[in-house]
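J.: Protein chains in written order, with this note's numbering: chain A, 1 to 264; chain B, 1 to 381.
To be clear, the hints were calculated from the coordinates, so they are not data collected in a lab. Owing to the predicted nature of the structure, the values given are computational and were not obtained by experimental measurement. Please note that the accuracy of each hint is not assured.
[To be verified] Simulated pairs of lysine-lysine, DSS-like, Cα-Cα distance not exceeding 30 Å:
{"hint": "1", "chain 1": "A", "residue 1": "K132", "chain 2": "A", "residue 2": "K153"}
{"hint": "2", "chain 1": "A", "residue 1": "K27", "chain 2": "B", "residue 2": "K274"}
{"hint": "3", "chain 1": "A", "residue 1": "K131", "chain 2": "B", "residue 2": "K274"}
{"hint": "4", "chain 1": "B", "residue 1": "K290", "chain 2": "A", "residue 2": "K146"}
{"hint": "5", "chain 1": "A", "residue 1": "K132", "chain 2": "B", "residue 2": "K290"}
{"hint": "6", "chain 1": "B", "residue 1": "K290", "chain 2": "A", "residue 2": "K153"}
{"hint": "7", "chain 1": "B", "residue 1": "K334", "chain 2": "B", "residue 2": "K316"}
{"hint": "8", "chain 1": "B", "residue 1": "K334", "chain 2": "A", "residue 2": "K177"}
{"hint": "9", "chain 1": "A", "residue 1": "K27", "chain 2": "A", "residue 2": "K177"}
{"hint": "10", "chain 1": "B", "residue 1": "K290", "chain 2": "A", "residue 2": "K175"}
{"hint": "11", "chain 1": "B", "residue 1": "K274", "chain 2": "B", "residue 2": "K290"}
{"hint": "12", "chain 1": "A", "residue 1": "K132", "chain 2": "A", "residue 2": "K177"}
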Amino acid sequence: MSAALDTETHIASSIRADAPPAILLDKVNKWYGSMHVLRDISLQVATGERVVVCGPSGSGKSTMIRCINRLEQHQEGRIVVDGTELTDDVRALDAIRREVGMVFQSFNLFPHLTILENCTLAPIWVRHMPKKEAEELAMHYLTRVKIPDQARKYPGQLSGGQQQRVAIARALCMKPKIMLFDEPTSALDPEMIKEVLDTMVGLAEDGMTMICVTHEMGFARQVADRVVFMDRGEVVEQGAPEQLFSNPSTERLQTFLSQILRGH
Amino acid sequence: MSDIPLTTSVAGVPEAAAPRQPPALTTGPAAWLRANLFSSWLNTAVTLVLGYFIVRYAISFVDWAFINAIWSVENNQTQACRALKASADPGACWAVITEKHRFILFGTYPYEEHWRPAIVCLLFTGLYIVSAMRRFWRWELAIIWAVTLITIGILMWGGVFGLSYVPQERWGGLPITLILATFGLAFAFPLAILVALGRRSSMPAIRVLCIAYVELIRGVPLISLLFMASVMFPLFLPEGLNIDKLLRAQVAVILFAGAYLAEVVRGGLQALPKGQYEAAEALGLSYWQKTGFIILPQALRLVIPPLVNTFIGFFKDTSLVLIIGIFDLLTAGKTAIVEPAWQGFGVEVYIAISVIYFIYCFAMSRYSQNLEAELNRHRVR
């Protein structure tokens, strides 16, 4: 499906081992009511590392990624992002959210604002950037995701793939250190998936720290430094994509891979 | 693989099909009549019967209201009107309006000073028109409001600039209705937004307070609130301190309208997808930035129809102040026909008052439809 994604050659790793870890999860637990959705999740993501999280639906992968910028709150354990621990402290949270960009499955663009306004709102009000500068920045990133000519339109006038690329540009306009992708291609028609994945590959080439929840195995092969397989709220297995996909050591991952591959 | 659907869809389009006219008799007035009024024998019968009644009553109304009507009389001599009313072919006595219109519009305001409330009504109407125009939607509008409202206060009270002082007890008629409605909604709307946000707050104390406010106010009739404001409230005040009766009624109206509008606004807040809140939070917007830029602009657009519905309802509910003796438009109209010479001409007076209410309410309704279309343009491809 992702034909132009070059799954054969893995892009060069940009992990900076000297820098402190970008994200650290230490024995994180979360419950919805009595349902235990995250069980003792421990995960460390280095600066510049690209992690792909996969697993069957309901395995807690979205919940985990949403805990990292506290769209969901964890109940036990520690989450440290860019050196700041996530607590009830609002200032710490604001600081983290400024540095962490997020892309959602359903785009979540603001439908009443133009594409340009979508991209400039946060830089102007959160980063206190002058309007002109914010617009130049937005046009820069909109050019990068290849839709500068749509800047004056409203999100409803764009295709799904274009909307998701705008959502990526919007997140990038905050110049985040870390990007989180929560199933960014799951709501897209097949012919639009590639344009979004290409954008993400470009981002990976620039050395962005990324965590990406996705089922796009071709993308994982090409981009990921590490693949994390989750099931029933646990990290079951993790490792380099080649090793994990060709030699799954657990039965759960074998089952999952066979289901995924049958679909392709 | 991704190419396949593309090519099939292109191949499926026939090349340059020539545009054709729609078949005859599916458009045009004749087709419309056939489809909507005469599509079956039953529909034809209903159409004919209803048509008969509509035409018949329209004719007798025109006869009554225009052809047989008396438009003015000399010196309160209403015998002609009474004779006409009792005759076999009755007519309206619009003379009551000609004679009493100034009392209906301005109540017991001193007769020589009627130009002052007249200007006030024009100022209010002008204020509505200016506020309705989108090109005036900027912060300067707040100054226009402040200046206009102060001018209105000066005109009504007087006592400065050589205007004679008119105590509030003598105000009446249309200005009272417009004052109650304008101040009522201007204060109730922001209050409602805060209460609606408060009901969804994560802080329990604020949430409980807002829920209590809405449920308490919504649970009692406006009339009992007005009674409380006019009778009970002064009992709690220290001796000698007396808050204006109109002001107390005004506060009651604001609180009442606020509770209803809050629920309407809350409906809009709840209708918004959760993703909008999350996207705003993920970008690092603060609570008030998120609310002001993302949530409210969308939520309020969604609830324009019920919002205007409530506005219109409250514009007319201001007439309930008659029970605490405030002279609004409706009360002034009722009082105008107390005089023996004019007793029995209520229909004419009520029709005239209805027309005034209708003009304001219909304008609001049309404007809201317009605004809805305008503001929701972004949803149209």
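J.: Each hint needs a verdict: does it hold in this structure or not?
T.: Hints, verified against the model:
Proposed proximity of K132/A and K153/A is supported: the alpha carbons are some 18 Å apart, at most 30 Å. With a C-alpha separation of about 28 Å, the suggested pair K27/A and K274/B falls inside the 30 Å cut-off, and the hint holds. The straight-line distance between the Cα atoms of K131/A and K274/B is roughly 28 Å, inside the 30 Å bound, and the hint therefore holds. Our distance criterion of 30 Å between C-alpha atoms is met by K290/B and K146/A, whose separation comes to about 28 Å.
Using a Cα cut-off of 30 Å, the hinted pair K132/A and K290/B holds, with the two alpha carbons roughly 22 Å apart. For the hint pairing K290/B with K153/A, the CA-to-CA distance comes to about 22 Å; that is within 30 Å, so the pair holds. Taking the CA atoms of K334/B and K316/B, the gap is near 15 Å; set against the 30 Å cutoff, the hint holds. The suggested pairing of K334/B with K177/A is violated, with an alpha-carbon distance near 72 Å, which exceeds 30 Å.
The suggested pairing of K27/A with K177/A holds, with an alpha-carbon distance near 24 Å, which does not exceed 30 Å. Restraint check for K290/B and K175/A: the C-alpha separation of about 19 Å stays at or below 30 Å, so the hint holds. The suggested pairing of K274/B with K290/B holds, with an alpha-carbon distance near 13 Å, which does not exceed 30 Å. The suggested pairing of K132/A with K177/A holds, with an alpha-carbon distance near 23 Å, which does not exceed 30 Å.
In this structure, only the earlier hint numbered 8 is contradicted, and the remaining ones agree with it.
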